[in-house]
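Student: For this one, chain A is given, so just place chain B on it according to the hints.
Going line by line, the protein sequences match chains A and B.
Reading the first sequence from the start, the letters are residues 611 to 974 in this note's numbering.
Reading the second sequence from the start, the letters are residues 104 to 410 in this note's numbering.
Hints listed in this document are in silico derivations from the structure and should not be mistaken for laboratory results.
The structure displayed is predicted, hence computed values, not measured ones.
Ideal Cβ positions, reconstructed from N, Cα and C, are used throughout, including at glycine.
Be aware that a few hints might be false.
Stated by the list, open to error - Quick list of simulated restraints, FRET-style, between CB atoms:
{"id": "1", "chain 1": "A", "residue 1": "V964", "chain 2": "B", "residue 2": "R192", "range": "50 to 58 angstroms"}
{"id": "2", "chain 1": "A", "residue 1": "P935", "chain 2": "B", "residue 2": "G156", "range": "52 to 60 angstroms"}
{"id": "3", "chain 1": "B", "residue 1": "A323", "chain 2": "A", "residue 2": "A970", "range": "47 to 55 angstroms"}
Residues per chain are reported as follows:
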Amino acid sequence: MNDGGHVANERRTKVAAAEGRTPAKIRITDSTLRDGSHAMAHRFTEEQVRGVVHALDGAGVEVIEVTHGDGLGGSSFNYGFSLEDDIKLVAAAVDEAANAKIAVLLLPGLGTVEDLKRAHAAGASVARIATHCTEADVSLQHFAAARELGMETVGFLMLSHRVGPEQLAAQARIMVDGGAQCVYVVDSAGALVLGDAQARVAALVDEIGDEAQVGFHGHQNLSLGVANSVLATQNGALQIDGALCALGAGAGNSPTEVLVATFERLGVPTGVDVQGALAAAEDVVKPFLHRLPFADRGAITQGYAGVYSSFLLHAERAAERYDVPAHEILQRVGEAGYVGGQEDMIIDVALQLVAERDRADATV
Amino acid sequence: MSGGKKLSAAIVGPGNIGTDLLVKLLRSDLLEVHSMVGVDPASDGLARARARGVEASAGGVDWLLAQDTLPDLVFEATSAKAHLANAPRYAEAGIKAIDLTPAAAGPFVCPPVNLETLADAPNLNMITCGGQATIPIVHAVSSVTPVSYAEIVASIASRSAGPGTRANIDEFTETTSHAIEQVGGAAKGKAIIILNPVDPPMIMRDTVFCAIPADADTEAISASVHRMVARVGEYVPGYTLRAEPQFDGPRDIWNGNARVAVFLEVRGNGDYLPPWAGNLDIMTAAAARVGEQLALEKATAEVEEAR
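Bound conformation, chain A alone:
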């Protein structure tokens, strides 16, 4: 059915041209300083935040997300403690940005309305509220609070591969009725394979397209973040997430600089300068990275088994602490159906693997 992204996009461009309009502009939200926080073990410094915001803002990126990887209030034993308080980093980002809006992520059950109010007071103007893809109704008090504060609102349906397009669209409807102005298909596990992403975005556009925008947040665990993002825009998505150098959980996010270059080649306007994005990745982010996101055995297992990308580093740490293989932990976590936020279960699974190994040793 799909005749290739390039052909489809050329057609989209031609249709738009014939109708006397340019293809709809899409908005890139850069999450280097939020999803990338996972890959940095939540140790961003204020200087790094200022440098990244300065470069992205200069390149024309309109929205920059700055928060602990697990959102406001994420600094904890379970997810890792931040080097710097979120609110301090948000304030620095706001101070540094001349044009870009600063967004914050909030996971209900972890962050609270009080956290959101503090972020708003520090200058954050976009609230991104994330729930597991079947639990949208826990976000309603946070959307209501964000709207009351005058913030732009975005809903995040995480691990979107876990349910079919119709059920996902029904959850998006709950968020829009609660005050979301855009709802994202969030491929937290990097598990959506082309048509899977396409079908979910199309279902959301059908359900909420008249009242709200649809977005797509991709991961590179199966190396499909950019391809899925292109398909998403061809199916009506108007907001796309990326991160410089792919800095993000698992094998990383769709790289912002690749998204910008690809969309330019496809004739889809993003408002972001390609050279500016390339320079931001190469000159600002790459020098401070300890490790570049990479689709290694653990990350691919996440995409393949549908495991929340942020679990990767936690699984590696548990693997080292208990001397069990990280990919086996991730495989088990996938089988158990654990969802975002259940990082504690990674230790539990590692302990189970140790107990099983000890029993096997005892019977030898």
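Tutor: Chain B alone, transformed into the frame defined by chain A:
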């Protein structure tokens, strides 16, 4: 009052929680069920109570307070708003309230931790499910060594999270955090709740992390945790450790503290709610425990008076 039963108790709110609590109270040797009270004549819970021979009325608290014989205790399983309206009326009528809603009109109570000090309070609040599951462990650690920070993660099956919890999930995190400090004894508390929709539903899981001094006595902490798990197990038989407490040495990012992590499973008793709903079971079991302890104290007081 029949046999050895020392206190009578009404249940207000005939929903899932009230019905599960009813099953537990009917089993008690110390508490007699006075009545089940609701506001909807078509309520399943009222019909179920009647089928078990319990007086049931849809006349609400007005009906309850108009009875010739009032109960000694009322278990409130309605909503925070309803309880805030009802609490002064119970107090005026001299009925002690055990509150399973998030209203927190009275002090927080966790039976194995602080019930003894609160027996005289006219209104006791049962905190949250995650609080009942984890605060005993925080207290077990803090009674051995100073706990500068305690963090709990409660994972529950989506199907066990009702509309009230979903509409105000901040109430869970905030109330539980405060109780970790006030009742658990941590200098600072944090609570996280996760809803998991996996099918078949997952049994409630709780993880407790405590920051402890680098030189804390890990053996004493482990022993204290084991003792506490046994005490909670007296009223929640499905309350178990998944593994031995896990100790991690001091780290700079933990402000030089070490850490103990305790992994718990809370399997419900399956009285009315299914076993995976351990979060609801531990609330009703803890509330029933409070009622029974109050009855025991009354019995002890009577014996002493008779001397």
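Student: Confirm or reject each hint.
Tutor: Going down the list of hints, with the structure as the test:
Remark: the range hint 50 to 58 angstroms for V964 (chain A) to R192 (chain B) is upheld by a beta-carbon distance near 55 angstroms. In this structure the hint that P935 (chain A) and G156 (chain B) lie 52 to 60 angstroms apart at CB holds, the actual value being about 58 angstroms. Taking the beta carbon of each, A323 (chain B) and A970 (chain A) are about 32 angstroms apart, not inside 47 to 55 angstroms as hinted.
Hint 3 from the earlier list is the only one contradicted by this structure; the remaining hints agree with it.
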